[in-house]
Amino acid sequence: MSKVAALAEAVASVPSGAHIALSGFAITRCTMAFAREVIRQGITGLTISQCVGAMDADLLVGAGLVDRIIHGGGSLDRFGRLACVNRGIENGSLHAEEYSSLSVAFRYLAGALGLPFIPIRSLRGSDLLKQLEERAASELASIADPFTGEDWLALKPLLPDVAVVQVQIADQDGNAWIRGPRWDNAEQARASRRTIVLAEQIVPGETIRQDPERTIIPGLLVSHVVELPFGAHPTTVYGVYDYDAPEIERYVEATRTPESVRAYLDEYVYGVKDHQGYLEKVGGQQHLSALLADPVLGY
Amino acid sequence: MDRDYTPSELMAVAGARELRDREVVAVGLGLPVVASFLAKMTHAPEMTILFELGVIDPEPKDQGVGLADPRVWYRARVLSSFVDILGSILHKGRVDVGFLGGLETDRFGNLNTSLVGDPKGKFRHMVGSGGANDIASSARRTIIIMRHEERKLKQAISFVTSPGYIGGGDSRERAGLRGGPSKVITDKAIFGFHPETREMMLLSIHPGTTVEDVLDTMGFSPVVPGRVPSTEPPTADQLRLIREQIDPQRMYMG
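Chains A and B supply the protein sequences, listed in that same order. Using the working numbering, the final residue of the first sequence is 299, and nothing's skipped along the way. Using the working numbering, the final residue of the second sequence is 254, and nothing's skipped along the way.
Isolated chain A, as found in the complex:
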């Protein structure tokens, strides 16, 4: 049975209330087309996790679909902060469990390895730990090293229902290559019950077999593969296209108030039928081809 699916079909497989691990990092390889389709389908009550909060999570929070976020802090780099996430934390509407990058990565790693917990040196002596003890007490504990008796902080594994990962290349069975740094994506896919791969390009299985050491996500973890060119727009995909700075600036401007977020969603998400409609809306092929990466530079 082929795993190749349309975006709408892959998104429809995610139930309301699901815990989704997203592949974005700030303004890079964010699952933007996926997030826009989740918003169109109105899948609510989500838990979102990622090591560093990114534009994909911020858009979903801005659309009011996220109850809980688990991350190590985040931003849109120099473009700005995660305005929707920050507003949700400030007014109490978003339940935020804030860690550090490595502590979230270790929680995915424990989940990936099937371990019951993982000890970590990070977080101790910080207010992040005090805040987590109030907000997420069941996720952490103090333990003694069984061999030396030394005190350690132990974290529970993160076990998302689904990892959603935007990649450069995959075959129709979901074997996926990620070019460039992979931050937490390999551990996210392994910790989750299943993975949805969003590929800029689907290639023949033979292409993957010729360079199998490049495969970061094995197809056996994958439930759906969607061919989704410019699926991370306006964020960047290394080696494929650069970020679209004016469109990220438009988003930053739009997320200043809840009202302007709604206007942005009306125009760029609800106002278009699908991903193709969105790409036409932001300028179509001519505009997008100007973003294509130089093969040597990667941007």
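Hint data in this document are derived by calculation from the structure and do not stem from the laboratory. In this text the structure is predicted, and so the values were computed from the model without any measurement. Ideal placement from N, C-alpha and C gives every residue a C-beta, glycine not left out.
A few chain A positions that, by computed beta-carbon distances, are all more than 10 Å from chain B:
id : residue
1  : E213
2  : E253
3  : L265
Straight-line C-alpha distance at most 27 Å; calculated DSSO-like pairs for lysine-lysine:
id : chain 1 : residue 1 : chain 2 : residue 2
4  : A       : K130      : B       : K154
5  : A       : K156      : B       : K92
6  : A       : K130      : B       : K122
7  : A       : K130      : B       : K92
Fit chain B to the given chain A structure using the hints.
What follows is chain B alone, placed relative to chain A:
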């Protein structure tokens, strides 16, 4: 006297001087990038530069908007992951120096990058930790780079995102942490930490400023030794490298 360099350039040069050849350095974007590349291009050619998301030893030719920008990964020797960089290099204990910036620090070098205001009341949420807490917890030493302002160098900070010497004395060791901040570099002075109390201690003041000015523009009183030397100014060669090669578009130097 007119100086031919900016406060940011002096901070970057002071940061570079703290780095030694063959050290492994975890870096965030901005001034620390300039300091690290400057060290590597001058006295520390075999230093290793790490970015938390999975980048080792890049040689960017264009400036980027942040660590997520592929511009800053250009010509890297390794592109990997958080578990690789922050796990098997940092958490394992292989990082000599971490560079950290922040919204606020206190006299024990605790850093806030999370929020301003009252965390139990009205506050503005900012960025959070990223890898900063991990670096502050596991690097052999950290260097803090920050503007010298009363609202940034505070008696009490709103939130400890990344621990320094916590409450001073041996409280960091008691929390199970190694290392700790070694220097704080501002645009007016360089500070170290008292070996026993772990309070911030004035080490040098930059040319053109006075001890009084340094103390009047911060929110707590550091330890001040009897004699405070002047910070060594940048050399012409260091300034040329910063302006022509490392940050020609002045994206990091403000």
